[in-house]
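Trainee: Single-letter residue listing:
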Amino acid sequence: MASPTHQTDQRPSPAAGSPLAIELRKINKRFGPVHANKDIDLAVKRGSVHGIVGENGAGKSTLMSILYGFYHADSGEVLVGGQPVTINNSSDALALGIGMVHQHFMLVDNFTVIENVILGAEDSALLDPSIDKARRELQRLADEYGLAVPADAVIEDLSVGQQQRVEILKALYRGADILILDEPTGVLTPAEADHLFKVLETLRDEGKTIILITHKLREIMAITDTVSVMRQGEMVATLETTQTSPEQLAELMVGRRVLLRVEKGPAKPGEVLLEIENLVVADDLGTERVKGVSLSVRAGEILGIAGVAGNGQSELLEAVAGMRAVRSGAIRLNGEDVTAQDEDSAADLRRKGLAHVPEDRLRMGLVTNFYEWENAILGYHGEARYGKGVMLNVDAARAEARRQIEKFDIRPADTDLKTANFSGGNQQKIVLAREMERDPDVLIVGQPTRGVDIGAIEFIHGQIVKMRDAGKAILLVSVELDEIRALSDRIVVLFDGRIVGEADPETADEGELGLLMAGVNQKEAGR
Amino acid sequence: MSARVSLPRWVDIVLLPVLNVTLAFIIGGIVVLVVGENPIEAVRIMLYGAFGYGYGFGFTLYYTTNFIFTGLAVAVAFHAGLFNIGGEGQSYVAGLGALLIAFAVGGLHWALALPLIIIAAGLVGGFWAFIPGWLQARRGSHVVITTIMMNFIATSLMSYLISRILKPANVSSDMSAPIDPVTRLPFLAEWFPLLRNTPANISFFVAIASLFFVYWLIWRTKFGYAIRTMGHNPTAARYAGMSNARLIMLTMAISGALAGMMALNETAGAQGRLMLNYVAGAGFVGIAVAFMGKAHPIGVGLSALLFGVLYQGGQELAFSMPAITREMIVTIQALVILFTGAMSEMLRRPVEIAFLLSRLRSADEGGGR
Amino acid sequence: MEDIISILVTTVRVSTPLILACLAGLYSERSGIVDIGLEGKLIASAFGAAVVAAVTGSAWAGLLAGIGVSLVFSAVHGLASINFKGNQIISGVALNFLAAGLSTFLGAAWFGRGGNTPPVSGDARFYGIQLPFAAELRDVPIVGPIYSGLISGHAIMTYIAFLAVPVTAWVLWRTRFGLRLRAVGENPKALDTAGMSVSWLRYKALIITSVLVGIGGAYLSIAQAASFTPNMAAGRGYIALAALIFAKWKPVPAMFACLLFGFLEAMQYRLQGVDLPVIGPVPTQAMQALPYILTILLLAGFVGRAIPPKASGLPYVKER
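If you read the sequences in order, they're chains P, B and F.
Per my numbering, the first sequence starts with residue 1, numbered consecutively.
Per my numbering, the second sequence starts with residue 1, numbered consecutively.
Per my numbering, the third sequence starts with residue 1, numbered consecutively.
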């Protein structure tokens, strides 16, 4: 056998004949008070593509981390190829033929492809023989599965899609028969995703077993043979893909009929409050990410920016918020030029009537070590009502925090609790309350419901619409197309730092938007 | 990952630090045993040496004054997420500022000179810390490395200045000419005869005032709020419109200025002249003081006092137990930094388990009734 | 010629502990553990070596003791920074003080010489080794002074130091251990998910660090000098750290950086008390400060850019 991995005794031979590649019985896992996996049963047939869907926090990633030996289950049984096994760490999983492609790639950025592939699977204490062998093996895998990547290229020079291929090659090089992919398309363009699906089909046809974790129902319908649905730590159903529908899966995921449309009346657009003209912005490494964007947002409307993550959304938001220097172009707020010259202009923009709900609340919008009241004034602490001159009026800040807690139903209602102790949904409410309560003219919002539970999503969407109806101009960025379509009055699609099309949410269909997001330029789409 | 037990706040703020310090002292005690002395007896002698009589107490206050300044310097930077190891050098060069202004206004009454000396020492010490701050803010070089380098540069620079330029021709040891006695900060003994013949001087009150100042600065001003925001989450600070670069430079300058206040106690006070290597490690003691005091002024004040006791009591101890030298204090200082700074999480797990057990037990008892 | 050779010989002598400490730091920092504690480890192992050599009368026992002491220090550093996920810089600073305090304290208590250890000689000390044919070649022009004068006649640690440079380069780029070492300092998660132990790898790096710095410390107290004196490392640990940054964490440039700093030190001895035209007596303080000033200029980006391993200084925590 030409397999490059060290065959171990523990590994059940495929000839043993169990039709199941993986079987999980009554798996339980708790993180403190959180019961992440409750009595999970799962059976995956050999040579199939099995999807696992569920909302953020449903327990999918925890389950797969248990299978991959990253966590230990508190109780339950794991069978691989019909044999009960103990998986204590990732090397046990690898020895059993289980490989994993993580959502965030586990690559060493300044290593070459080949160094990354052999890392941890070297044959001997000296590198050269391993490298020579890996080079031959990579060539074979490239030919067999259409997974070509330049072997001597350094990872940081590769595209995201290519980096993902390296991750798959790493698993295959180690002889994986069972491949787990965790949200693999989150960072891919639709074209790259299509290519990935072709590779996965080839792998399945070669007899490999694929487990695909995703929250995108379209992918489940497109590629899987069977699908399991998880909800709040429980496995609620396992179905043949051909026997189900996206509607049924969505219902299983959330546990009740989903409110697919947000209740909102027609927009009454007023004057232009935010205007962006030929904006060019670079990221921290100096690469241009926003390449000449022009748009305008009127009072009383929500402009949604759709696009695959990493197409310049973050840099656009940061530039408009005054956190990132603009290379060229102009930003006008209420007709006044507010183009940021440096990364320290956020306070100035707030004073001029711009509020910003950031994409990543934990990294940016909150200081988790602060008490709730300290976060309730973040960015507005300079205002006179929180103290004259250099002084900070703690009582005034607490009073404002109490007001926000009441109005946005933030729980627990405790201004002196560390922010880290609030749930994701309540943390997001702290940010929203702070930004919305200042009665801004323009509100820019990034990924408003990322990592937020269903109940809070409805509340948050409702608040955004309320702001619109109050005559604010709202710029919304989200990678969730459904969210963009449900909330926006107009949609523009961002691809590779440029606006590649505009669409009417009432009439545009998903296919057209998908094509635009993939960079297939159809200026007339949606008109 | 294991389940986390939520501990009451007093455990974090009081119990764990106290346990960590106790651990440091227990190990220190073992070291004393190793050289064949009785640690309990050693503590008794130290306490007597530090508090038992006026002369000793005066020295304790004098040392404490230094450590409050250097401890606050580290603490302020720490709130901004910066680790200023450069207190030693910043205090040293600040001596130059204190000396030169005292020369310049020589003959001016000390009460009028004091504010000027504070400003001059603060400016020079602040400038020495501003350089690493500027390097971090504008050029991205880490303050830890640059402050270490600046310490060595300060040593070379000051040794050159003192031995080659400031030293009067007729003096053999490396020190400057003395400050005018009228300008020199007065000893506390002038008001408290109990403290006669001790170097404790009115800088002690400046140190106490600094404790209040730092509390006010960090928790009651918008600038302090900004410092703490950046210290916990620099990205959030930028989001809130604070300039990280400006905050880093300002905080380092304030930190250096606080370290520079040590020149009041030594150059303008106790010695009344600039001496070679006068800082003698007090800048480094500040690191231990800040960690032990959890960077809070109350904690810093108490830990500075503890180290004051160790330094003065340690001198006394060296007389009674010749085997125990001053370096024992450096050892204790190292252990305190190690246990309260680097290994502060070590005891958390056992304490969590203890709490869990006691909760289970009380739950059991409740159920049995 | 003789002047040049004599300065170069001094350069090699004073560079030896720098190179050993610098390479020691290289292994540690490549694995993701910042080691501000090099200074302390130099002091501690110099002390350990001097004490054991003086007591047993064996230089080799002293060398082993030096390595042993620095292993203990590394174990504490590892415990703090790997197991308890503590702050590596704070841990290093603490260990520096611990070494300075404990060595002088124990030295004074045990030997009563104000912290000095008794001088060692004979079998208890390492002397220069005459390489083969050194005597015969001494009078040959050019080759003679270089081989017999410069290359021959150093203590064994000097040869170990210069040998460790190519060995380290080879380990780093050509072996499995080197590949994993470089990876764990850049992205420890990549190793963890590939089934390797991040902790164990970092401990292995720390063991190598201890051995190298232990040899360097022993060199100070029982080869270069004949006894331990308080604060004997005199900032060499920090200079080694500066050299490491200067060399951008690469072994061969590290050697040259150490030789440069060693040369500055040698010149400083040489120029002591010499009157230069215009300037007058040479300010030796300026020479002392030069390595630190150069490092600051480098760090400021005025002389190239130094980018450390990405994960250095960060404890590895598995995310939930």
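For the record, the hints were derived by calculation from the structure and aren't laboratory data.
Take the hints with a grain of salt, since some may be wrong.
[What the hints assert, rightly or not] Simulated pairs of lysine to any residue, SDA-like, Cα-Cα distance not exceeding 25 Å:
id: 1; chain 1: F; residue 1: 310; chain 2: P; residue 2: 152
id: 2; chain 1: B; residue 1: 222; chain 2: P; residue 2: 45
id: 3; chain 1: B; residue 1: 222; chain 2: P; residue 2: 399
id: 4; chain 1: F; residue 1: 310; chain 2: F; residue 2: 111
id: 5; chain 1: P; residue 1: 418; chain 2: P; residue 2: 486
id: 6; chain 1: P; residue 1: 38; chain 2: P; residue 2: 182
id: 7; chain 1: P; residue 1: 45; chain 2: P; residue 2: 239
id: 8; chain 1: P; residue 1: 26; chain 2: P; residue 2: 82
id: 9; chain 1: P; residue 1: 418; chain 2: B; residue 2: 296
id: 10; chain 1: P; residue 1: 352; chain 2: B; residue 2: 221
id: 11; chain 1: F; residue 1: 189; chain 2: B; residue 2: 216
Keep in mind the model is a prediction, meaning the values are calculated, not measured.
Trainee: So, for every hint listed, does it hold in this structure?
Mentor: The hints, checked one at a time:
Under the criterion of a C-alpha separation no larger than 25 Å, the hint pairing residue 310 of chain F with residue 152 of chain P is consistent with the structure, at around 21 Å. Note on residue 222 of chain B and residue 45 of chain P: the hinted pairing is violated, with a Cα-Cα distance of about 61 Å set against a maximum of 25 Å. Restraint check for residue 222 of chain B and residue 399 of chain P: satisfied, since their Cα atoms lie roughly 17 Å apart, inside the 25 Å limit. For the hint linking residue 310 of chain F to residue 111 of chain F, the alpha-carbon distance of about 46 Å lies beyond 25 Å, and the restraint is violated.
For the suggested pair residue 418 of chain P and residue 486 of chain P, the alpha carbons sit about 34 Å apart, so the restraint of at most 25 Å is broken. At most 25 Å may separate the alpha-carbon atoms for a hinted pair to count; residue 38 of chain P and residue 182 of chain P meet this at roughly 20 Å. Distance check on the hinted pair: residue 45 of chain P and residue 239 of chain P sit about 13 Å apart at the alpha-carbon level, within 25 Å; holds. Proposed proximity of residue 26 of chain P and residue 82 of chain P is supported: the alpha carbons are some 16 Å apart, at most 25 Å.
The straight-line distance between the Cα atoms of residue 418 of chain P and residue 296 of chain B is roughly 18 Å, inside the 25 Å bound, and the hint therefore holds. For the hint pairing residue 352 of chain P with residue 221 of chain B, the CA-to-CA distance comes to about 23 Å; that is within 25 Å, so the pair holds. Of the supplied pair hints, the one linking residue 189 of chain F and residue 216 of chain B is violated, its CA atoms being roughly 42 Å apart against a limit of 25 Å.
Checked against the numbered hints above, the structure violates hints 2, 4, 5 and 11; every other hint is satisfied.
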